[in-house]
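Student: Spelled out, the chains give:
2 protein chains.
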Amino acid sequence: MVDILRATTTMITALENGIKSIVPVESVRECHELREKGFLGAAERDGKIADGFELGNSPFDYMNPSYSGKKVALTTTNGTKTIFSIQGADKIIFAAFVNVTSTADFLEHLARDVVIVCAGWKEEVNLEDTVCAGALIDKLAPSFSVEGDPAIIAHKLFVASEGHLDMLLNSASHVRRLKNLDLQKDIDFCLKMDTYRIIPEMRDGEIVPRILDQ
Amino acid sequence: MVDILRATTTMITALENGIKSIVPVESVRECHELREKGFLGAAERDGKIADGFELGNSPFDYMNPSYSGKKVALTTTNGTKTIFSIQGADKIIFAAFVNVTSTADFLEHLARDVVIVCAGWKEEVNLEDTVCAGALIDKLAPSFSVEGDPAIIAHKLFVASEGHLDMLLNSASHVRRLKNLDLQKDIDFCLKMDTYRIIPEMRDGEIVPRILDQ
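Keeping their order, the protein sequence lines are chains A and B. Just so you know, we're using the numbering used here here: the first sequence kicks off at 1 and counts up by one. Just so you know, we're using the numbering used here here: the second sequence kicks off at 1 and counts up by one.
So that you can see chain A by itself, here it is in the shape it has in the complex (with noise of 0.2 angstroms):
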């Protein structure tokens, strides 16, 4: 699953800094019940941190030595509805562009068909997400073939970006709406490329690191 602005870099950045799982869930008041219970609490509605909660959807929420070994409960506008949507397959992990490569590495070791599932955008489809699995496509394609037009479409469209992705990225609805906000630092870094290695991975229920060689 692709989410890049903001759930799913900002789930591979949380495990990279120590939290130790993410347990999506679909309403601010789940999310609350588990915070009760001692889990960090990340509700984001429309871009903004809920209120009573301490964390977001920003990546940058998450960069404490103190969440260290934590598990957080997570709620977002779009990318949790979409990981309940999905829930039926045999795997699921989450990748980025912050985590691209790596999530290449892992789907040619694994060697099975892959569906890559946009979170998009209010069920509409997103330039990011599109453009970020044209880009593990282009990594694939080598070793895979590409079913489906949608596929095909964003492929062609990574390939015809590389160099100027920024650009492109500029002009995505999304991109706007969250400049508006004033995450500028947020988009910079969720464009980035294999800042990470980690990969999310949904196990009973939880979302915890993929552990490498396994």
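Because identical chains share one entry, a pair is satisfied inside a single copy or across any pair of copies.
In silico SDA-like pairs for lysine to any residue, Cα to Cα no more than 20 angstroms straight-line:
no., residue 1, residue 2
1, K122, G148
2, K139, S171
3, K70, P209
4, K122, E147
5, K122, G47
6, K71, R210
7, K37, V23
8, K122, P150
9, K179, V146
Think of the hints as simulated: they come from the structure by calculation, not from any bench.
Use these hints to put chain B onto chain A, whose structure you have.
Tutor: Leaving out everything else, chain B in the frame of chain A:
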């Protein structure tokens, strides 16, 4: 509306070849009923002419001088469904590669907001309609503002494919589907730009040639 393989290309070709009007219907049964009232019957299901009809969804079916002045009742697997889904629009016109420049000229002259509806394939995005939408956006971009990530993606895809559009479109899933039905001649025809100037327009449930400069 864009459905280049082959509904909108075929409509444009039919009107250019003297067909008086096309009445889109949802079912093969309705198509039969209008045929009994003197219409030519055009019914396509999964790429083939349905049993008992003279016409299908190939533009070449309509290049017959004896059909001149006649009305056609048309149902297709995919395209006619899309027409019924957009009935609330102020004005509906039909575009394809074969009339893309004249469509752009008309829209520029009209100076109204434009929504490009791609028929796609069975509720999914497809490559050929997306690229055709991108070609139209490319012509409109100097005088319109382009809103929404799908429009940005379509535009970028077209610009990136100029000069090797055939190569890209040959990878489209529907092109491969039609090739299996031996429709290479149809595909070549549908991918050619600006063969015609005519613009089909919906008026009182019938698709008729737009009267120029009106």
